[in-house]
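Q: The primary structure of each chain is shown beneath.
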Amino acid sequence: MREMVKMILVLTILATFSGSLLAAIHSKTKDRIANQILKFVKGPAIRKIFEEASNDPIADRFDIKDGDETRSFFVGVFDGEPSAIALETFGKGGYGGDVGLMVGIDVNEDKLVGVGVTTHAETPGMGARAETDPNFVAQFDGLSLDDPFKVTQDGGSINALSGATLTSRAVSMAATEASTIYKKLKPQIEEKLKEFKK
Amino acid sequence: MAKTLTQEFVKGLWDEVPPFRLVLGLCPTLAVTKSVENGIGMGVATTFVLVFSNILVASLRKVIPSKVRIASYIVIIATFVTIAELLMQAYTYGLFKKLGIFIPLIVVNCIILGRAEAFASKNGIFRSLLDGLGIGIGFTLSLMALAAVRELLGTGVLTFWEKPIQIMGPSFQPFSFMVEAPGAFVALGLMLCLMNLAGKR
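Chains as they are written, first to last, in the numbering used here: chain A, 1 to 198; chain B, 1 to 201.
Hints are supplied without guarantee of correctness; some may be wrong.
[To be verified] Per label pair, the in silico range of CB-to-CB distance: (1) Asp79(A) to Glu180(B): 14 to 24 angstroms; (2) Leu194(B) to Thr70(A): 56 to 66 angstroms; (3) Lys6(A) to Glu180(B): 46 to 56 angstroms; (4) Asn135(A) to Cys27(B): 46 to 56 angstroms.
[To be verified] A few chain A residues facing chain B, derived, Cβ under 8 angstroms: (5) Ser18; (6) His26; (7) Arg32; (8) Glu81.
If you are wondering where the hints come from, they were derived from the structure by calculation, not from laboratory data.
No experiment lies behind these values; they were computed from the predicted model shown.
For glycine and all other residues, C-beta sits at the position ideal for the given N, C-alpha and C.
The shape of chain A in the complex, shown without the other chains (with noise of 0.2 angstroms):
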């Protein structure tokens, strides 16, 4: 008896130190790991989205509170307008979990400049064609927000990767996602976009 209480409390002793030791590094280096995803995962995807923007998205950006969550949005600036902003989401329902989209918004038209992939963990060679095959997020481009953003087995314009409709199903949900958002959000980006003004 002595023995297994000895063994439960050593047990918990243990996994409640090394718990609390993660949590406090953790801590410590979120926002230097934030950082370096901006930086390698999201950056790439938005400086392909806003290719010809005169400033650097990646810097130039802004946070809205959106009920208990603070999404980030990337603005574009183009010919001295900030007329376009990039936001993050995620498309439930991928082969392999979440797919990460960053969906790139034209705010004075409405439309989609341009979508890439961010996040993801699909098959590679299938899904994963989805960020690296090039003609797959072309689709998106410059489809307006009213359009829905659906591929052709469920009854809308994208193509699907062919053997990876799931991925495609899933970036398609992503876009909606995006354009859900940015439509509730309208109001405060365009306040906040005045700022960027140069």
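Following the hints, put chain B in place on chain A, whose structure we already have.
A: Relative to chain A, chain B alone:
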């Protein structure tokens, strides 16, 4: 047969060098030795975990009941692996992306659990530290040696921190089999053979 402190450290570099003498930790050895840079990254991360888990296991060796010792070791090791993972993510993101799944897999690396069970649970803190450091450095050097052979033959270039150094002349045809997975087995087999030959003398 008590060993001196220097011997505890040095044994990891040759007599008990993990992948070649103990033939432990082969999963990362085969998987990440595509380039010297990856090899160093993996080696340093493993050394970090090995040293700290050895220290902690040695200092708690009288407290941990023997029936739950493996569970306790895994908790200790997993903690340090997660710390290493967080730190790599924060400071060397490129390397973290390249090593990917093999960083969390350090938890189940036989070298670390093996040293905790076979050495740190029976020896003092300072000895365990030296043991972990020696084995860790030996592991790092082995990974580097294997990676250097594979990268050199497979690409003709050695890359350090994104800077490629051309080693082979322009007429060299890259033998890309060596950087593929089967090449890892062949290279490891040949190095084991060489180590055994050298040991026979």
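Q: Evaluate each hint against the coordinates.
A: Comparing the hints with the structure gives:
{"no.": "1", "hint": "Asp79(A) to Glu180(B): 14 to 24 angstroms", "in the structure": "violated, 49 angstroms"}
{"no.": "2", "hint": "Leu194(B) to Thr70(A): 56 to 66 angstroms", "in the structure": "holds, 57 angstroms"}
{"no.": "3", "hint": "Lys6(A) to Glu180(B): 46 to 56 angstroms", "in the structure": "holds, 51 angstroms"}
{"no.": "4", "hint": "Asn135(A) to Cys27(B): 46 to 56 angstroms", "in the structure": "violated, 37 angstroms"}
{"no.": "5", "hint": "Ser18", "in the structure": "holds, 4 angstroms"}
{"no.": "6", "hint": "His26", "in the structure": "holds, 6 angstroms"}
{"no.": "7", "hint": "Arg32", "in the structure": "holds, 4 angstroms"}
{"no.": "8", "hint": "Glu81", "in the structure": "violated, 33 angstroms"}
When each numbered hint is compared with the structure, violations occur for hints 1, 4, 8.
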